Structure formats: structure tokens, C-alpha cells
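Participant: Let the sequences and hints guide you as you build the complete structure.
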Amino acid sequence: AQRVTQPEKLLSVFKGAPVELKCNYSYSGSPELFWYVQYSRQRLQLLLRHISRESIKGFTADLNKGETSFHLKKPFAQEEDSAMYYCALRTGGYQKVTFGTGTKLQVIP
Amino acid sequence: ETGVTQSPTHLIKTRGQQVTLRCSSQSGHNTVSWYQQALGQGPQFIFQYYREEENGRGNFPPRFSGLQFPNYSSELNVNALELDDSALYLCASSLAIGRASVSGELFFGEGSRLTVL
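Protein chains in written order, with this note's numbering: chain R, 1 to 109; chain Y, 1001 to 1117.
These aren't lab readings, by the way, just hints derived from the structure by calculation. Check the hints yourself; a few may be wrong.
Derived list of chain Y stretches under chain R, where covered just means 3 residues or more per stretch with a C-beta under 8 Å from a C-beta of chain R [said to hold, decoys possible]:
1) 1039-1046
2) 1108-1117
Among chain Y residues calculated to face chain R with C-beta under 10 Å, some are [what the hints assert, rightly or not]:
3) G1003
4) V1004
5) S1033
6) Y1035
7) N1055
8) G1056
9) R1057
10) S1103
As the structure is a prediction and not an experimental result, all values here were calculated from the model. Glycine included, each C-beta is placed from N, C-alpha and C at the ideal position.
Facilitator: Following this line, the structure appears as C-alpha cells:
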């Protein structure tokens, strides 16, 4: 069975400091990994996906199959990055997406 | 482009009652997924509907059931409500071709918050 683990419930960093939100997954097949974000009083939305290999709002994430990880990184945190971040794994022939428990990122001014 | 809308936004029920939650998918989308999000947890997959048929189900009992209509809107029904059913229920729509997602991206509604007393 597939599983997504986000070990940190809360991550507090100062503005301008680097950010790394950890995500590990377990799945025996070929995974599709995503990061979703939920800003205060907004709906859950896609931040980025591993297959696009793009940087969104300064965030990047690299899929490491050897370590089964998909950590989200940003070199310099901004106050507007404060939000709830969920790592997600899509598997199978249909569209079931398994979410982690989420990490709340708090950027301190 | 119209986003995903859900109704009602909040509701309170008592144990043993039944509830129906509704979702209108984003225009152009043909697939609807339902998720349950308990407090402090990530969304948990309940089931998905593609072209009016169930297209996958998570670990939820049969008292959780659903429907999808020809216009791709959807309902989630929960019978014999239990206290643990108290949660935010999220609907997400996406576009699929032949049951496989075009992009993998889910577009979420704002959710229906259910409280069971």
C-alpha cells in the first residue's frame, strides 16, 4: 500500500532563511509526486509536480527514488510562504491521490 | 472558468442520521474525487467518479456512497452517521481521458464541514 510521510507538523523559519519541507513515500511502482499548498482562508491548490521539474514561487522539489523522498526546498523564505503544505502521491491506473498529514510552514518576519 | 463549488459549507447532524453533500466540478472536468479531512490530518481518499461510474475507492465502509450525474456534478452520501465522521469533506475535480488523468492535478472546492453530535 502507498503511504506518504511528512515528519514535521510545524516548521518555523526566519524570513530569508532556507526552507526544506520533508516528504518520504512508500510505493513499489513508479510514483507521481506532488506538493499541494493551502494558504490561509484559501482552498487547497497544486504547487508543483515532479514530472514538470519546474520552480514555482521559488520552490523546487526533486524526486529521489533511492531515498524515496520528494523534499520541497526554497533558498530564501518569504512571509507569504506561510501556509500548510501537503505532499501527495498518485498511483495506479486511476487518479487516487494519497496525501501526507501536512506541514505548517511559519515564516517569522 | 467556473471553479469547484460545494454545498452546504457547514452542517450539523446527530448520530445515526444521513447526510448528502454536493459538488459541482470545474467546467471541462469529467472526474470527481471525494476526500475526508479530519482535524490535523491530510485529506483521505474516499472514492472517485468518472463518467458516472465509481473509479476507485479508499478504505471507507459502504455507508459512504456517491453518485455522479451526466453534467459531472456529484453527491456524497453518508448513512448512519457516527461521531468520527465529523470532518471537512473535500471535493476535487480533474480531467481524465479513458480513466487516466490528463495532468494529475486536482482542483479542490472549499469543502463541507460536517459536525456529528
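Participant: So, for every hint listed, does it hold in this structure?
Facilitator: Status of each hint after checking the structure:
1. 1039-1046: holds (count 6)
2. 1108-1117: holds (count 4)
3. G1003: The hint holds - Y/G1003 has a Cβ within 10 Å of chain R, the shortest such distance being about 8 Å.
4. V1004: 8 Å, holds
5. S1033: 6 Å, holds
6. Y1035: This interface hint holds because 8 Å falls under the 10 Å limit.
7. N1055: With a minimum Cβ separation of about 5 Å from chain R (threshold 10 Å), the hint on Y/N1055 holds.
8. G1056: 4 Å, holds
9. R1057: Interface hint status for Y/R1057: holds (9 Å vs cutoff 10 Å).
10. S1103: Constraint on Y/S1103 satisfied, holds at 8 Å.
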